[in-house]
Amino acid sequence: MLMKNNDTMLRTVIESIGAYLPSHEVTTDEIVQGCERKVRVPLAKLTGIRSRRRAGIDEFSIDLAEKAVSDCLNHSALAADQIEAIVCTNISRWDSKNSVTFEPATSVRLKSLLGLDNAIAIDISNACAGMWTGVYMIDALIRSGAIRSGMVVSGEYITHLIDTAQKEIVDFMDPQLASLTLGDAGVALTLTAAGSQGSGFHDLDMYTLSKYSQFCVAKPTDKPHGGAAMYTDAIKVTESVVPHAARHAKDVLDRNEWGFDAIGHVIPHQTSKLTMQEGMREIKRLFDYDLSQRLINNLEQRGNTSSNAHFLALHDAMRRREVKGGDSIVFCISGSGQTTGTALYVCDDLPERINAEDAQNGKPRREIATTESALMPIQLQVESLGIAYPPTRESADTLTMLQQAGEQCLEQSSCEKQDIDILIAACTYRTEFIMEPAIAALLAGRMEINFDREPEAADKTFAFDVINGEVGMMKSLFLASEFIRAGRGKKVMVVGSEVDNNAADRPDQSIDVSPMASALIVQESVDATSGFLSFHFQDFTQYKDLRKAEGYWNQQGQACMNCTDQPEALHAAYLECIETTVGNFLRANELSLDDLSCIVPSPISSVFVADVASRLQFPAEKTLDISDANGSLMSSAIPVGVKNLDAAPGEMVLFISVSPGIQIGCALYIA
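The numbering used here puts the first residue of the sequence shown at 169, with every later residue one more than the last.
Treat the hints with care, since some could be wrong.
What the hints assert, rightly or not - Capping the alpha-carbon separation at 27 Å, the derived lysine-lysine pairs in DSSO-like fashion look like this: (1) Lys335 x Lys441; (2) Lys387 x Lys265; (3) Lys379 x Lys335; (4) Lys265 x Lys235.
Because the hints were derived from the structure by calculation, they are not lab data.
Could you build all of it, start to finish, from the sequences and the hints given here?
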């Protein structure tokens, strides 16, 4: 959705950029030769990728992210404890050998590793548009005044997909061929309000063409050797994206009165030489202008590094001194789902700063702009609500349930599906362990929500996932509120769903979630009589190891879920952290427990709900227990709580969410 700056809005600038590249380099020819069946394709020549970096034997996604953040902070004027939000955007959550992390969130673990103590921690997933989605979020939070600075990071360990492809590729038309182009990297950005006139993002417009959402899907292979696989219809992706992207870029340029002559550099998604050349040819064909000499291409020694590819290309170009202060850049954004977008950016002195040598510690310092936004908080009204359940635990399917909940929500709504500006899916445990594209994009395709729009169309939908366990729903609602405040849209659909990935094949290892789905349409309350008024989040990373949920491959090559926790210690820690967070939240809002008509604690169990009330010394009869015997409601807890509230109009209700990490969220709701 549209972000266009005007005189009354803050402009966001990239304050620092950092990158980490593993030391091991492997050539495309070596990778092709490593396929078990001979593949007759000149891949290096077609893609322009001669080599790429591969993570070492003990390097994984979180390690790449951690090192990128450290490099970013080395060139930043911000100390770690000044970062007010961290958004982790990598597709791959492969954080140890044969293991993919689901909980705790990567952002929470990075907070612990790097001292980002005061940052709101959010994990999102949106395929190759992931880092751009993070920038979109941080920009909105800066513009709304919620934060003054934020960080976006992606550690992409994705070359394990090459290993699967080498075992399974049959010929040059195989849908896993694109996996042979991938490379590993970590990239991090810090973002602040612009400190110099004219610099920063002049426009950022992204939306989801979900009609094409199934052209690239990453999930576990169904072969007995196990591992993750990515299936791409490269021809259809190019056919659907390139013509649309060229027209969209021109539309964004026109509305900002940027002519082609004003463009210093063009940075598209770094996928292949052929695709990028096709984009330049399309611009030449449509608008009779040749931008090919301004194209930045770092493919030769990087490959496709997925969600951080644009910013790795930017970082490399700055390091080569190809991009300089004052230069204007057009970013052409694309990612499976299908996300399309354009960003217009003018550099400040960052290119010079990251190349400068500092006599003290190599860390140039400069003053950070701290201009406050004049935007006022809004009350986030729940306009409609839907809840869906599967016939049986074993048959639960994420998209089927979400579609049922979403359609029920729309049936009760006064708005039409084309009115949905943003669609956020808070789904941690999903059918088939789908890693790409975003569940939200697949759902938009199922429901045909603005699923194929012209670049100039007013009605568009931007879709992405938030992956923060139970707290993910509350953080999604918080983001919805800030997006609306920042002018990113008027109506947001937030959906939640969890499934038990072990239910069908390993019932003895069932994970403690209640399979279901929920959907909310939220908007600014016109008369401010009801809705969410305030949100607050705190993390207690000293307890990050009390529960872990990881996906792994068993000896038969099946993808499974494994949860390890310390129940008694976790229960006690949750209660302690809830007491601290609720106390801080109430003081910040100049309230006491006596002002609340009801609290809705995390419905882990009836025992837990009762213990929360007791710990807070809150009356049991005013505590709403929505716990489910089938397991934790997780991302659907808030929708179920809203549906079951029995409060008089105007009464205040406190929702409390918890997730491993430990993450605690509080939301004040007016009935």
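Hint-by-hint comparison with the structure:
{"no.": "1", "hint": "Lys335 x Lys441", "in the structure": "holds (25 Å)"}
{"no.": "2", "hint": "Lys387 x Lys265", "in the structure": "holds (17 Å)"}
{"no.": "3", "hint": "Lys379 x Lys335", "in the structure": "violated (31 Å)"}
{"no.": "4", "hint": "Lys265 x Lys235", "in the structure": "holds (19 Å)"}
The structure does not agree with numbered hint 3 stated previously, though it agrees with all others.
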